[in-house]
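Peer 1: One letter stands for each residue in the lines below.
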Amino acid sequence: MKLQQLSLFLENRPGRLDAPLEAIAAAGINILTLSLADTAQFGILRLIVRDWDKAKQVLEDGGWVVNLTEVVAVDVEDRPGGLAEVLKVLDQAGVNIEYMYAFSSYRPDKAILIFRFEDPDQAVKVLLDQGIRALDGDELIHADG
Amino acid sequence: MQDSSPASHTAIWDTEAETLPTPQRQALQLERLQALVARIGQVPFYRSHFLRHDISPARIRTLDDLHRLPFTTKEDLRRHHPFGFLTVPRSDVARIHGSSGTTGTPTFVAYTKKDLTLWADLCARFLVAGGLQPQHTVQVAFGYGLFTGGFGLHYGIERVGAAIIPAAAGNTRRQLTIMRELNPEVLICTPSYALTIADGARELGIDPRSLPIRFGHFGGEPWTEDLRLEIEQQLDIQAFNNYGLSEVIGPGVSGECSERTGMHIQDDHFLVECLDSETLEPVPEGEPGELVITSLTREAMPLLRYRTRDIARLYRDPCPCGRTSLRMSRVTGRSDDMLIIRGVNLFPSQIEEALLRVEGTTAHYLIEVDRPGTPGRSMDELTVKVEIHREMFSDRMDRMQALRERIGSEIHAIAGIRARVELVEPRSLERFVGKAKRVIDRRNLNDGPKAP
Numbered sequence: 001m002k003l004q005q006l007s008l009f010l011e012n013r014p015g016r017l018d019a020p021l022e023a024i025a026a027a028g029i030n031i032l033t034l035s036l037a038d039t040a041q042f043g044i045l046r047l048i049v050r051d052w053d054k055a056k057q058v059l060e061d062g063g064w065v066v067n068l069t070e071v072v073a074v075d076v077e078d079r080p081g082g083l084a085e086v087l088k089v090l091d092q093a094g095v096n097i098e099y100m101y102a103f104s105s106y107r108p109d110k111a112i113l114i115f116r117f118e119d120p121d122q123a124v125k126v127l128l129d130q131g132i133r134a135l136d137g138d139e140l141i142h143a144d145g
Numbered sequence: 001m002q003d004s005s006p007a008s009h010t011a012i013w014d015t016e017a018e019t020l021p022t023p024q025r026q027a028l029q030l031e032r033l034q035a036l037v038a039r040i041g042q043v044p045f046y047r048s049h050f051l052r053h054d055i056s057p058a059r060i061r062t063l064d065d066l067h068r069l070p071f072t073t074k075e076d077l078r079r080h081h082p083f084g085f086l087t088v089p090r091s092d093v094a095r096i097h098g099s100s101g102t103t104g105t106p107t108f109v110a111y112t113k114k115d116l117t118l119w120a121d122l123c124a125r126f127l128v129a130g131g132l133q134p135q136h137t138v139q140v141a142f143g144y145g146l147f148t149g150g151f152g153l154h155y156g157i158e159r160v161g162a163a164i165i166p167a168a169a170g171n172t173r174r175q176l177t178i179m180r181e182l183n184p185e186v187l188i189c190t191p192s193y194a195l196t197i198a199d200g201a202r203e204l205g206i207d208p209r210s211l212p213i214r215f216g217h218f219g220g221e222p223w224t225e226d227l228r229l230e231i232e233q234q235l236d237i238q239a240f241n242n243y244g245l246s247e248v249i250g251p252g253v254s255g256e257c258s259e260r261t262g263m264h265i266q267d268d269h270f271l272v273e274c275l276d277s278e279t280l281e282p283v284p285e286g287e288p289g290e291l292v293i294t295s296l297t298r299e300a301m302p303l304l305r306y307r308t309r310d311i312a313r314l315y316r317d318p319c320p321c322g323r324t325s326l327r328m329s330r331v332t333g334r335s336d337d338m339l340i341i342r343g344v345n346l347f348p349s350q351i352e353e354a355l356l357r358v359e360g361t362t363a364h365y366l367i368e369v370d371r372p373g374t375p376g377r378s379m380d381e382l383t384v385k386v387e388i389h390r391e392m393f394s395d396r397m398d399r400m401q402a403l404r405e406r407i408g409s410e411i412h413a414i415a416g417i418r419a420r421v422e423l424v425e426p427r428s429l430e431r432f433v434g435k436a437k438r439v440i441d442r443r444n445l446n447d448g449p450k451a452p
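First to last, the sequence lines map onto chains G and E.
The opening position of the first sequence corresponds to residue 1 in the numbering used here, with each subsequent residue numbered one higher.
The opening position of the second sequence corresponds to residue 1 in the numbering used here, with each subsequent residue numbered one higher.
These are calculated hints, taken from the structure and not from any lab test.
Among the clues, some could well be false.
[Stated by the list, open to error] For lysine to aspartate or glutamate, the following EDC-like pairs were computed, each having C-alpha atoms within a straight-line distance of at most 20 Å: (1) Lys2/G x Asp119/G; (2) Lys437/E x Glu391/E; (3) Lys56/G x Asp64/E; (4) Lys385/E x Glu11/G; (5) Lys385/E x Glu77/G; (6) Lys125/G x Asp109/G; (7) Lys56/G x Asp14/E.
[Said to hold, decoys possible] To list a few chain G residues with every Cβ distance to chain E over 12 Å, as calculated: (8) Glu11; (9) Ser35; (10) Ala40; (11) Pro80.
[Stated by the list, open to error] Covered stretches of chain G (in silico footprint by chain E; criterion: 3 or more residues with CB under 8 Å from a CB of chain E, positions within the stretch not fixed): (12) 41-48; (13) 107-116.
Where a beta carbon is used, it is the ideal one built from N, C-alpha and C, also for glycine.
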């Protein structure tokens, strides 16, 4: 129910994003989704790929600092209030969201969100209790198609 | 703690010399200074100064008269290369060592037989002060050669009567094999090589704490208290600091006793001053300044007031070990590395110290100083670039920002100056084989501190 997300450190300079993306492209790794958090000076690139251990190796061999984090993917109804309902569940259970970003939808009526929780196991349990299911890797991979 | 830990020993190698009461010590120093002035006048460099300033042994009446004597710099040694400072015939020279030449032409330093005896004795003093006993075995992982570390310590250990493994520097695997087969209790090398040995052990799947070493004497490069703790924890040993420089004699100028309240200066043989490197006036006791050393008893190449460029503090308060000598702090910087930023003195070593506090490991860093804006209306800006490595990196932006702030506040706590901290990608800063260049100063200062 949890996914591995790769994060890497980048300096905030023109062209810094190209090299790591080229490196994983050259290894034949497709990116399912990504997010870039940045400040004036540096950024953190977060990637979800199918073959995360190979991607990690490629990036580390290229000299980047990479870490792996467990994230949770949830699909919500693609309508006003769809995300708000999920957030309400998490809020009421006191689950803190470190950050989140969206995934391109595989079905017109669904939107996928990637959440980084302090405690992913607890978050998944809270969601399940409320009938909200986290997607597993296979479903996402399917979603990519 | 093992039962024969060095801290439990308070042996003194030369009790008479090392515990001489201050008045007698000063009398001996004055007597030796007068004798030095009498014989050093034959060196042309000093002779011309003595003639111009009317200096003679008779005019040296108190130790304060030291200020009449000229300074000697590394440049002076280079100008009279190789043997312009020799005070004995070439035939009396028993050994020649040299400085590493990292800042220019290497300088040669000559020793007579008597100088070599003295040197071994001085090394024996600090080795014994830090716990060396005749029944110990010592692995010397210092370079043997022109560098003074290897041979200086070697003869000091021999003088104490301990067994020596002259492993010399490098080939870490072999060092570890020797260590595990011969069980030396003592390691002698540079502090950074001690950590390399610990790393090498881990690479081979050996717990560095399981190595037989119980204590070590480390020197040959400046290091911090944090690095000492690092070495002590990684190798489960006690680490002692010692200080010396080839121009003066090599290791043996000073070293720590088991109290570790500063390094005892062998000041019956070396007069050490601590001066403001700009004004060349003494700094108040306990304040940092440049060490200036007069080698009182060296035969082949004694020097008057040699400007070491090393910044340290001096302490005169009594040490519980009973030794009565002047003591010095560890070297905290080099006067030729010192930056003055917004009126604050900053040494690259202080930045290193701050980084060690944050990460517990030596980071790769670069210090940049700029003075943007119009001349006369601009402030110095200090930027510290720090390479990110695995243990420092988090996918959470708040943690990364907190890391930057933490580095900034440690720099402020240690150096008293605000710096802009930039995190940069791994391996993006230049690597150095020899002495690292850690500072880029873009201010075009003509009035800044420069080496003469």
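Peer 1: Regarding the pair Lys56/G and Asp14/E, is the alpha-carbon distance no greater than 20 Å?
Peer 2: Judged against 20 Å, a Cα distance of about 61 Å means the pair is violated.
Peer 1: Would you say the segment 41-48 of chain G counts as covered by chain E, given the rule of at least 3 residues with C-beta under 8 Å?
Peer 2: holds (count 4)
Peer 1: Take the C-alpha atoms of Lys56/G and Asp64/E, compute the straight-line distance between them, and say whether it is at most 20 Å.
Peer 2: Roughly 67 Å between the alpha carbons, so the hint for Lys56/G and Asp64/E is violated.
Peer 1: Report holds or violated for chain E covering the segment 107-116 of chain G, Cβ cut-off 8 Å, minimum 3 residues.
Peer 2: violated (count 1)
Peer 1: Once the closest CB in chain E is found, is it more than 12 Å from Pro80/G?
Peer 2: holds (29 Å)
Peer 1: Should the label of Ala40/G as a non-interface residue stand, given a Cβ cut-off of 12 Å to chain E?
Peer 2: Given a closest Cβ separation of 10 Å, the condition is violated.
Peer 1: Take a quick look at whether Lys125/G and Asp109/G sit within 20 Å of each other, Cα to Cα.
Peer 2: violated (24 Å)
Peer 1: Holds or violated: are the alpha carbons of Lys385/E and Glu77/G at most 20 Å from each other?
Peer 2: violated (46 Å)
Peer 1: If you draw a straight line from the CA of Lys437/E to the CA of Glu391/E, is it 20 Å or shorter?
Peer 2: It is violated: about 25 Å lies between the C-alpha atoms, which goes past 20 Å.
Peer 1: Are the Cα positions of Lys385/E and Glu11/G separated by 20 Å at most?
Peer 2: Answer holds: Lys385/E to Glu11/G is near 11 Å, not above 20 Å.
Peer 1: Does the no-contact call for Glu11/G survive, Cβ to all of chain E over 12 Å?
Peer 2: Violated, since 5 Å does not exceed 12 Å.
Peer 1: Say whether it holds or is violated: Ser35/G keeps its Cβ farther than 12 Å from all Cβ of chain E.
Peer 2: violated (10 Å)
Checked against the numbered hints given earlier, this structure breaks hints 2, 3, 5, 6, 7, 8, 9, 10, 13; the rest are met.
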